[in-house]
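Enquirer: Taking the hints into account, I'd like the entire structure generated from these sequences.
Residue numbers (the working numbering), protein chains in the order written: chain P, 25 to 192; chain E, 25 to 192; chain X, 25 to 192; chain U, 25 to 192; chain V, 25 to 192; chain C, 25 to 192.
A few of these clues could be false.
Think about it this way: if two alpha-carbon atoms lie no more than 27 Å apart in a straight line, the pair counts; the simulated DSSO-like pairs of lysine-lysine are [unchecked claim]:
| hint | chain 1 | residue 1 | chain 2 | residue 2 |
| --- | --- | --- | --- | --- |
| 1 | E | 52 | X | 180 |
| 2 | C | 180 | P | 180 |
| 3 | C | 180 | U | 180 |
| 4 | P | 52 | C | 180 |
| 5 | U | 180 | C | 52 |
| 6 | U | 52 | P | 180 |
| 7 | V | 52 | V | 180 |
| 8 | E | 180 | V | 52 |
Just so you know, the hints here were simulated from the structure itself, not pulled from any lab data.
Note that the coordinates shown come from a computational prediction; the quantities given were computed from them, not determined experimentally.
6 protein chains.
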Amino acid sequence: MAQQDRSPQEFTHVDETGAARMVDVAGKEATARSAVASGVVRTTAEVVSLLLRDDLPKGDALATARIAGVMAAKRTPDLVPLCHPIAISGVRVDLETARDRVRITATVRTTDRTGVEMEALTAVTGAGLALHDMIKAVDPAATLDDVRVERKEGGKTGTWVRETGAST
Amino acid sequence: MAQQDRSPQEFTHVDETGAARMVDVAGKEATARSAVASGVVRTTAEVVSLLLRDDLPKGDALATARIAGVMAAKRTPDLVPLCHPIAISGVRVDLETARDRVRITATVRTTDRTGVEMEALTAVTGAGLALHDMIKAVDPAATLDDVRVERKEGGKTGTWVRETGAST
Amino acid sequence: MAQQDRSPQEFTHVDETGAARMVDVAGKEATARSAVASGVVRTTAEVVSLLLRDDLPKGDALATARIAGVMAAKRTPDLVPLCHPIAISGVRVDLETARDRVRITATVRTTDRTGVEMEALTAVTGAGLALHDMIKAVDPAATLDDVRVERKEGGKTGTWVRETGAST
Amino acid sequence: MAQQDRSPQEFTHVDETGAARMVDVAGKEATARSAVASGVVRTTAEVVSLLLRDDLPKGDALATARIAGVMAAKRTPDLVPLCHPIAISGVRVDLETARDRVRITATVRTTDRTGVEMEALTAVTGAGLALHDMIKAVDPAATLDDVRVERKEGGKTGTWVRETGAST
Amino acid sequence: MAQQDRSPQEFTHVDETGAARMVDVAGKEATARSAVASGVVRTTAEVVSLLLRDDLPKGDALATARIAGVMAAKRTPDLVPLCHPIAISGVRVDLETARDRVRITATVRTTDRTGVEMEALTAVTGAGLALHDMIKAVDPAATLDDVRVERKEGGKTGTWVRETGAST
Amino acid sequence: MAQQDRSPQEFTHVDETGAARMVDVAGKEATARSAVASGVVRTTAEVVSLLLRDDLPKGDALATARIAGVMAAKRTPDLVPLCHPIAISGVRVDLETARDRVRITATVRTTDRTGVEMEALTAVTGAGLALHDMIKAVDPAATLDDVRVERKEGGKTGTWVRETGAST
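Expert: Structure follows, in structure tokens:
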């Protein structure tokens, strides 16, 4: 993968003595950046059918997950210890149901000094946890899988796109 | 699976009109309950080697993930819209490294009116997001997989244990 | 009004020197308590029509307000300086649309040492603010009115019900 | 009203499928913006007299409400699901007592990509909830009324001023 | 000191492998507990005089510090990674001004499974930080000193009282 | 001290009537700023020896304190009532153990409209509280001392450095 050429050989979140720190990004430029992350809640056909049946006027199950995802994106610096607080300029969380699963895709945008892939990943897990909470009485065995960055744009490193077939 | 016998056919988090609500648990007893959840961060051997190399005196990478997991468990009601605030009595987050992955296991205990599987799942995703944040510069393609409940105990429904081989 | 017979003549949230404090409720019993609060968002017929038109499959506007209300109830001790953290056992937020307004009703239950009217009021304002946010581009003049407790039950003071006709 | 000429006919917070989202404001300019919101706590003359009597050296009741309002403004993105996190540059909350009511006025300023009317409204409700909490033992029937934007300035849409007599 | 007889020789917050955890307190009884902590903001006589002059009707400086202390107590589990969420039943924060200093004393009560000394200490630092914030333009050299537990009562270990003369 | 020449004679956080407010900083420039704060946890030689013994591979005690400090810096506007939300660009928390004490030093950087000394002080108290929590079972008499700003740079007032010998 192309990005490996520029991969650091050390973690930037710990200093030379191994101590955790929030890396200073003051020297980076505030530019337009975006990230897309995704994940899959694997459950049963019965649950998906309930989710869709519920998706009648006022049916709030999928809406609850979307909103949980948007709100989780905003809580990223509270949850991820070494993440910077970021001026998120937009978030959308898309849910796509298949026979026995729900695919979650989150897109986050900013004009700030660091990327928003953690915000996108946090949105995906927030939506996934909310779905799990709602379906757990019917399917306690549901799993949240394949939480990953699909692409990110902007910043000095430019565009990164996941290689197809890299997983799942 | 045994639990299917007692599975409700409707989501309890939406009422008969489909409106989201926090289900009233006042009628449930405050009893000892626990839940274990797990997940896997799939990354590269290089990253695991950096995590372990980092695991020298003062190496904070794995500690950061453990603490992120414990703190995330406490934020569950802030993140999962319809979750009850719960008096968590204990949390532990275990990280086990393999060649190219880190397995996360979270155990949460309470003496309260509802189960703690959402807290355990939130702890796993919190630790997973923290790990992702630290390794993303080296491995932007890392994924968080198989986030799921392994077992829960206590409450009216008693013990539930994931069937082996059910996934992964 | 009946409740005036038992009204204290002093605020309990400030001590004899006038200093703010969180009153100690350790001596009160943990009993079943509930509170209902309501409020009205006054807007235009155009907005209500958009809210209802939106109330198609996947229309999230009203769901967003309901969820904002439930989540706000959980944030009450973070927002109201002298409120106790409370083990909320259930929350529901009902929205009823009329020609040019949306009536919000929130019901909160607990089994704890103090009442939940502040949680119910906070749920109403949370839902009201979320509605305002969504409709403000169409109707910047919308107002949130009549935010008030309708009834509360439980605890030493027992049931209190708002006198009809007391306002609006 | 003049602003109706430019009112959108659709909610921007839900997309064409009705799904909630945080609208992307990256394309908007970071400019000086301000908003003023107000509201009224209607209570009894007895309560206002206690508030004023309390307003002696160290009397914290009104201060508590002012501070609750300022802090609530900062929590706006945590409370209002689709609101952007905003770099608030200033907040003031003014309380004006009349015979049997307290008028709350909040002014919020920013230099950011979107307006601060939600922050101003949240400050008003935060102060109103704090007042309600302090006076509820004496006047459980108090109401929070007329929570509304009075004016907003800055941004592409420029100045908007509530028409006098539009409500109350 | 008497308490040394019962001091553990190991930290309970890390397990035998050194991993951080939130110790399980499910086995401990929910009993009445309290803790008193104190601290001192050392500043200049000029600042204390401004604080007192400000302590006129509507003078909010000391009130702001008291309220910050009460609210900080409620945020303890968000701030202190391995602290349990606790059902605080009461908090008071007292400020005593001397010539060139302000003494902060916080008293926290609960009926829960673990002590509240961390909540009392967090209240003291919350009030201290708020004071520092308000006086820093006049006295950037102010310090927060002697933040410590004065006494704690309740629980299996019973009453602990700081030996006089132990510090300051 | 040099800075006294430019010290205001009034608190800027309260207006002319004494009411608390968040001062408007919109007129200030967004420039690079930094602040260093420090503090000392005074405890026993036994505790420091446990902290260091614990500082083996996976020993999380000092890491927990560092991370608590970094995360506390991000919570500053939630804790300090009149503080502005700030775009922190970097935080580091250094812990230095001596025979019977741990010195905490926090460095915070930003490019924003106001200084970050409160963020640095909050990081120090966050780390100090986390240390206290971990050591309190062994040394309930531990104190957090000398929490103070060491230096700040940037902004209109430029560099301020604590005079040596000013305290401790």
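Enquirer: Each hint should be assessed against the structure and marked as holding or not.
Expert: Each hint, compared with the structure:
For the proposed pair residue 52 of chain E and residue 180 of chain X, the alpha carbon gap of about 23 Å is at most 27 Å, so the pair holds. This hinted pair does not check out: residue 180 of chain C and residue 180 of chain P have alpha carbons roughly 30 Å apart, beyond 27 Å. Restraint check for residue 180 of chain C and residue 180 of chain U: not satisfied, since their Cα atoms lie roughly 30 Å apart, outside the 27 Å limit. Taking the CA atoms of residue 52 of chain P and residue 180 of chain C, the gap is near 22 Å; set against the 27 Å cutoff, the hint holds.
Between residue 180 of chain U and residue 52 of chain C, the direct Cα distance comes to roughly 22 Å. Compliance with the 27 Å bound is thereby established for this hinted pair. For the suggested pair residue 52 of chain U and residue 180 of chain P, the alpha carbons sit about 23 Å apart, so the restraint of at most 27 Å is met. Taking the CA atoms of residue 52 of chain V and residue 180 of chain V, the gap is about 8 Å. The hint holds against a cut of 27 Å. A C-alpha spacing of about 23 Å is found between residue 180 of chain E and residue 52 of chain V, which places the hinted pair at or below 27 Å, so the restraint holds.
In this structure, the earlier hints numbered 2 and 3 are contradicted, and the remaining ones agree with it.
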